[in-house]
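Participant: Please arrange chain L on chain B, whose structure you already have, making use of the hints.
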Amino acid sequence: MICLDPRVKLYLLLEANLLLFFHVNTVTEVIIVVLFLLPFFLSGKTKSALRFTIIYMLLLIIGMMTDSAGTNTLLNFVAMAAVGIRMILPCLIAGAYAFSTTTPSELFCALRKCHIPEGIIITCAVVIRFFPTVMEDYRQIRDGMAMRNIYIGMFHPLQSLEYVIIPLLMNGSTVARDLSVAALTKGIGLSGRHTSMVQIKMQIYDWIYMIISTIPLIMFKGGFL
Amino acid sequence: MNIISSKNISFSYMNSEQASLKEITIGIEEGECIVLCGRSGSGKTTFSRLLNGLCPMFFTGKLSGECDTSGLQAGNATIEEYVLYVGSVFQNPKTQYFNTDTTAELAFPCENCGFPSDEIKKRVNECVQRFQLDGLMNRNIFKLSGGEKQRVAFAASTMLDPKILVLDEPTSNLDASAISKLRRMILEMKQSGKTIIIAEHRLAWLNDIADRYVLFESGEIKQEWSAKEFLQFSQSELYEVGLRATRLDILKEIIENKLNSQAVSGNVLLKASNLVIGYDKKTEVYKLNTFCLYNGTVVGLVGHNGVGKSTLAKTLCGLIKPLSGSIQWKGQMVKGKQLTDHAFLVMQDVNYQLFSDSVRDEALLGNSNHEQCNQVLKMLGLSEVSERHPMSLSGGQKQRVAIASAILSNKELIVLDEPTSGLDHYHMTQVGNLLQMLKKQGKCVLVITHDEELTAQWCDYIIRLDGGNYGTGY
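Protein chains in written order, with the working numbering: chain B, 1 to 225; chain L, 226 to 699.
Excised from the complex, chain L in its bound form:
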């Protein structure tokens, strides 16, 4: 019995001439787990929005064809009608919570349905038991790590016991151990007979969960494979269709070797000795071993969510002072805040660091060398959009604008925070090439990342912030 069946579905968003989905026909059986894969913008997310009623009710547009989700017709049924049948989890852990504490978030869907208090408490308790969330209850969401947020968000999506779960890139901000915890929760739901649809770039964690893989390309279903067929593909075959790796063991070996390699040539740019970092002594602090950064290298900074990677990045960029220990810049001792003159941080969410109303002005902010600016914009493929407003660009372009201003600031240390989260293989490679370009210019590039593929392929050596083995495997 098909619980979801779509016939010749086409959809184009309002104010967009291009169709996001073209003639999609697919049937999904009850209890199946389907992975929607393909490049960014290939229509995965749009298709998932048809299944939970967000398209065309919230994201309006032109719809043709028939899409039946558990008896609800896309285009006729309201979002509210879908609530009882479809649970949804989204990409960004930061914006999934409507409440400020975790328990209230679990209760929220039940409260909206008007369940009596005792029934809600019972359901919350069952949910906590089922997913072992005891430690995460009654917590302030602003104090949770990305992985913890995403687990509670998944738990909340199951509160009304929907038959279908739709997950839109749930792991794009998570580290290996957070992914494996989320994976266990999803597996549990699969075993209890739910139909699960996951749109995802990172594929390795889905082995043994997925029954079928559906490849989207420019709004069409290009191909479908059973899990058995799909897992036989080699890495290069996957890369050919723009997909990421399904096996990480080879990559992990490479990463392990890079961890142990000490042979790094070049001038010592920065030497940090016995650093203790943190915001203040009362909250958590991190003690680090002495390490060096060299000109002309790409360094991966890895470690679990919440282990202090971002704090270290901010310290090295002079945004917060180290609590103790010393930092030498080219052999000279520097005070914490002086590092802002030497280091540039490209944030994970670059929207926070774009201030001007055109790409050119943005690049020239703090550097008035027009000639160099033109060169850099050309190098990054931004010449054609140089007069556009940075906010009107795609995510990848915005990131490149931030990198352009990093280069033009003439700082020698460039720190990138999670530059490949939520990127497909093609765009990840693009970022990797950018890192190489910065390296060739003699910059020292420090990349904070959870992305095994990026670390294995593009980093010269790796600094890990927590002890023990790299990752635990899925």
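So here's chain B without its partners, still in its complex pose:
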């Protein structure tokens, strides 16, 4: 199992966005997607890497087959959807790779090493901590609603929303207060540099991988691809 430095993963994510920004051609895109998928497979997350590979290949094939769609409206629509989804897929792959193979602690350490202000790191930590909490709360609220024979349905979208949102917010504010209290007594507000127990270090292959993954983009901009 080989794992890249979290900073390289963030760099790949940035590059995926550049891909969209520069509107690269298909060849460049394919090369870079392969470069994204390679460490994904090597990180041990074979299943989700494989899933992305298959989806990407399918979209690629659909795109090529519908290339000469002519005036057929339906075919044109399918082609458009396939290309559209394919274009955002590199971002999803890089994102899924970055966040499914990095623990929060590694991520915070990487951000600290990049000299990101502590305030932003704490915000990230809160978001990561809050998501599962909200999901847990949501499940409980749905159970509570079922007890009153209220079901989340299509017929009263606003009403169901109200029944979910109100308890969610009410609880959210107490959870936020309790979490702040717990974090404050553990010194989250201390001024001065915060450190990380987890240590990360850029290895030589991290640098090499960063350079390799950039080459296709440069070649495209230079008109070689």
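If you are wondering where the hints come from, they were derived from the structure by calculation, not from laboratory data.
If a hint is listed, it holds; no wrong ones were tucked in.
Here are the simulated DSBU-like cross-link-like pairs (lysine-lysine), alpha carbons at most 30 angstroms apart as the crow flies:
id, chain 1, residue 1, chain 2, residue 2
1, B, 47, L, 507
2, B, 47, L, 368
3, L, 477, L, 512
4, B, 45, L, 346
5, L, 347, B, 113
6, B, 47, L, 506
Facilitator: Below, chain L without anything else, positioned relative to chain B:
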């Protein structure tokens, strides 16, 4: 040498006219273990917040008098200054973790202080060794039981080696075996010379730990006893001052008898045969023996944290389907989800099941019988607050609002999940009386609980989900 000394401390929270603490004067010696006891709202928690700097810095308000904690003056020192001297553990295991995994949580205080990585690793290892937490490291906190969470939270509070530990109702959600594990950790810290302050309702586990008991009543220190004096009180003397039992052996005997008693009269409401319950076959499943529930009874459902009590409650309320086995309702076979029409679950955290903007609307949600509604609200003592927003009520009142909607739903099986966690003796008795009232109405009441006092005094019979003896004793 007093490590904590407070002189004539009074405190009232912002936006509150009533003083939460009045003229508190107390000295606590280094290495002492003090138990703060008394009813809910008597000022225990507020006093503990003065010791770790949360009052008046986070929970703002008006403070007068002097409170010195290891040289830090409440009101002058910031919360950050307290971090190195005072470790804190709070009541709710769910909201004590800032990180999503256990190891990171232990490292967190050290990281905030800027310790180098090697030093943090060393401290984490020492801590794991000291408290035997090996099995709990590198775990996702969302997959831990309440007891496990609370143990790691306690361990995290000791990471910076503070002289003082302040614990605010640390056991209110825990079962007997989880409490005894936490107890061992606290004892270990006491032996290493820490000063420990525990605000707590459940007193039995504190025998042999506590040196002194301080009784709070409406913001004042009513009385103080040494451990020796305190442990000589009889049960009824404790109840007189609103405190819970210090000895559980008598209660355990009663519980044991109720476990073995089979003599239950009444109509069989529900019969569950060979149930296998769980969320799906991949994760943990629980196999249950056949059992029956009867009209007009209060049934206690006991067992360790994580043994499947809540899963069973959800199954009986039709929120999840049993994986196999059958459930009969009044002799008729019912499919899993049909049970939602017959059973009502009052959750441990009732905030998740209050949806309307007034108590009356809440009670009428799903039942438009105004007359019955008025009756039920009156019976539960909610008439005066019927126009208020449910979220503006106290915890006990909210619970009663949920029970009101349970009654008005006209369902015959009412399941309560941990209705007395974190309650003092007075409020526990109130819940017990509510259970009796539901019983008189012919409902079947199933109570999931760790509370020995509630089970022994108010349940007709008891279903235990794990084999072996009830509890292991403290």
